[in-house]
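A.B. asks: Okay, here's what each chain looks like letter by letter:
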Amino acid sequence: MDMESRKKALRYFYDKVVGPLGFKFTPDTELADFLLEQEVMLEDKHGVPFCPCQPVRHDRARDMQIVCPCIPFHRQHFDAIKRCWCGLFVHQDVTDPDSLPQLPPKDVGLG
Amino acid sequence: MGDKFVRAIGSDEIAPGGMKAVEIEGHEMVICNCGGTYYAIERRCGHMNAPLEMGTLDGKFATCAMHCAQFDVTTGQALSGPVPADPGHESLPPRMAAYLQYVDMLMQHVRTESIRTYETKVEAGWVLVAP
Chain G
1 MDMESRKKAL RYFYDKVVGP LGFKFTPDTE LADFLLEQEV MLEDKHGVPF CPCQPVRHDR
61 ARDMQIVCPC IPFHRQHFDA IKRCWCGLFV HQDVTDPDSL PQLPPKDVGL G
Chain B
112 MGDKFVRAIG SDEIAPGGMK AVEIEGHEMV ICNCGGTYYA IERRCGHMNA PLEMGTLDGK
172 FATCAMHCAQ FDVTTGQALS GPVPADPGHE SLPPRMAAYL QYVDMLMQHV RTESIRTYET
232 KVEAGWVLVA P
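Same order as they appear, the protein sequences are chains G and B. Here the first sequence is numbered in this note's numbering, starting from 1 and rising by one per residue. Here the second sequence is numbered in this note's numbering, starting from 112 and rising by one per residue.
Worth flagging that the hints you see were computed from the coordinates, not collected in a lab. All clues given are correct.
Using 27 Å as the maximum straight-line C-alpha spacing, the simulated DSSO-like pairs for lysine-lysine come out as follows: (1) G:K24 with G:K7; (2) G:K24 with B:K171; (3) B:K171 with G:K16; (4) G:K8 with B:K131; (5) G:K16 with B:K131.
Make the full structure from the sequences, and use the hints.
C.D. replies: The structure is reproduced here in structure tokens:
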């Protein structure tokens, strides 16, 4: 598969999903490009573009919750930190993604 | 009209986002309406030959209904291979499980190839294709 073409296709599909959820691609284009590249490689290996920051545990029910964009499965958590776990998506009002810490659920009063 | 082009379908036969299979001079192809621009691709999926018009077209991306392999209809380029099947929650009888494991092993050796595209143009209410 061609890396650049697949990255463009994933961008197209993700854009349609994350917008209505109140998210957008991170304005850090270098980071977005890197993360998409990792996802293409994960898709090549597993058949599914998993989140590059989460381990694949070969437990289908759990693994389906880390298929990018995984926002619907972790909505409360990501709304609290205004970004998804890996930072590919941020809340639509975010202009400085570097200012958003990657906090685990327990640190934002969840789980 | 150039000599190599032949009428495939009327330009009002497919709504935007739709696909239709046709056979022209022995070539099985799918005409895709991408927001009013027409593209023609080989009908058979580059993964396991399933008919692509039974899948979906989103923008310029066609997804096969059989294993969800995706293709760019403007270039025919294969963008992704098959998505793993959902085994469900019920355990299968051992012989069936062993058979599916064997099929999975075979499937791992199946490559998803890019597919052929055909030149198109619209003229006098017809979508013309060069087979």
